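Using the sequences plus the hints, can you model the full thing?
Numbering follows numbering that gives the first Met the number 0, with no gaps: position 19 of the sequence shown is 18.
I should point out that these hints are in silico values taken from the structure, not numbers from a laboratory. Fair warning: there could be bad hints in the mix.
Taking lysine to aspartate or glutamate and the EDC-like style, the derived pairs with C-alpha atoms no more than 16 Å apart in a straight line are [as the list claims (entries may be wrong)]: (1) K152 to E173; (2) K152 to E124; (3) K152 to E132; (4) K112 to E140; (5) K152 to E116; (6) K152 to E121.
Because the structure is a prediction, the values reported are computed rather than measured.
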Amino acid sequence: MTLEDTNEEEIEVTEQDVVEEDAPLSEVDQLRAELEEAVGARQRALADFANFQRRASENETRSRERGIADVVRTLVPVLDQFEMALDQEGASTDSILEGVSLVREELLRALGKNGVEAITPEMGEEFDPNRHEAMLQHPAEGVEAGHVSLIVKSGWMMGPLVLRPAQVGIAPGESGD
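Now the structure itself:
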């Protein structure tokens, strides 16, 4: 082997070493690129989620405000009627009672437009703890034990949601449960 042959071999080995060293570097570069891509995708996903949360919160606030505004719109005419009644000077007791009755009817219509209904139990109706609140025991002729024997105050509900249970008296004794 001549010196020239040895140099060529060394050069070839050196080039092969360089190629082998480049391979791990390109693999590292590829992994770095994948990592950067994954980090970028994660950051975009986090930003998208933050934007989603912000929009959902804004939508909830707008919906709540619209709902309140709708209720207030139905109650404003009731307020107008109260103001008209208060402006009546020298009105008789009968006309005042009639005015209050009209305002009450207007208020009930406004509540009805918003899905609010009265819970008005009947005498002798079975006590329902989901819709009634027992205030006292009240004996009443012809009313079974554990049934409504007195209506103290009407309740109110909106759809299936009880806003205030009807306050009732219950006939004492052992109920048939």
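Consistency of the hints with the structure:
| no. | hint | in the structure |
| --- | --- | --- |
| 1 | K152 to E173 | 24 Å, violated |
| 2 | K152 to E124 | 15 Å, holds |
| 3 | K152 to E132 | 10 Å, holds |
| 4 | K112 to E140 | 38 Å, violated |
| 5 | K152 to E116 | 14 Å, holds |
| 6 | K152 to E121 | 12 Å, holds |
This entry does not satisfy hints 1 and 4, going by the numbered hints stated previously.
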